[in-house]
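Put together the whole structure using the sequences plus the hints.
The listed protein sequences derive, respectively, from chains A and B.
Note that the numbering used here numbers the first sequence so that position 61 is 61, with each residue one more than the last.
Note that the numbering used here numbers the second sequence so that position 54 is 54, with each residue one more than the last.
Derived from the structure by calculation, the hints contain no laboratory data.
Mixed in with the good hints there might be a few duds.
When the alpha-carbon atoms are kept at most 27 Å apart in a straight line, the in silico DSS-like pairs for lysine-lysine are as follows [unchecked claim]:
hint: 1; chain 1: B; residue 1: 49; chain 2: B; residue 2: 69
hint: 2; chain 1: B; residue 1: 105; chain 2: A; residue 2: 66
hint: 3; chain 1: A; residue 1: 64; chain 2: B; residue 2: 105
This structure is a prediction, so every number in the text was calculated from the model and none was measured.
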Amino acid sequence: GAVVSQHPSRVICKSGTSVKIECRSLDFQATTMFWYRQFPKQSLMLMATSNEGSKATYEQGVEKDKFLINHASLTLSTLTVTSAHPEDSSFYICSASVQRGLQEQFFGPGTRLTVL
Amino acid sequence: AQSVSQHNHHVILSEAASLELGCNYSYGGTVNLFWYVQYPGQHLQLLLKYFSGDPLVKGIKGFEAEFIKSKFSFNLRKPSVQWSDTAEYFCAVRFSGNTPLVFGKGTRLSVIA
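Structure below.
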């Protein structure tokens, strides 16, 4: 159990366009979802935390108007990269959290975004 | 600020050598500790985790880690590495409550024949 999926797994887009990435918890309801960004050969950096039905909390330095996060249900969160630029090219990883006594955080497979 | 440090950026070992990867975290009270592995081109997989109890934790693929509270450390070990262990290893810490994991910078392990 505790499977997290992401779609798409890979996307290439032109500069200036917007890209939406979906994150789903397949077999559990996620009270909280997290979005991370991973640059090549670097660690995961937390971008934002979202709770179902409320606004996301963004980490310092992350533009909320550029990285729109919607957590519409307990099984779905979306990250939209608006007006994408080449420097937004990265690996985006979502994580879903469930409180089962102790909180556990499960990771999706990631989405590789390339902006041309 | 709460932080996680992994001392080794890149470790190169021969097959059958023993492995120890360091992980230290800044003080933050009760913590939950994790080690993840990321094989080339693949997503993160949980190797092991520590929440409480026995500070020596055994995980998958023969890995183990020891939580030493006095040293704020959670080092990962494996007695005998294999070529297939070549991957990036990340230490992660939850510092409190329902907060997200904070990751170390990762250690790249290369195992050579």
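Evaluated hints:
Distance hint between residue 49 of chain B and residue 69 of chain B is fulfilled; the C-alpha atoms sit about 15 Å from each other, no more than 27 Å. As the CA atoms of residue 105 of chain B and residue 66 of chain A are separated by approximately 25 Å, the hinted pair is consistent with the 27 Å bound. For the proposed pair residue 64 of chain A and residue 105 of chain B, the alpha carbon gap of about 24 Å is at most 27 Å, so the pair holds.
Checked against the numbered hints given earlier, this structure breaks none of them.
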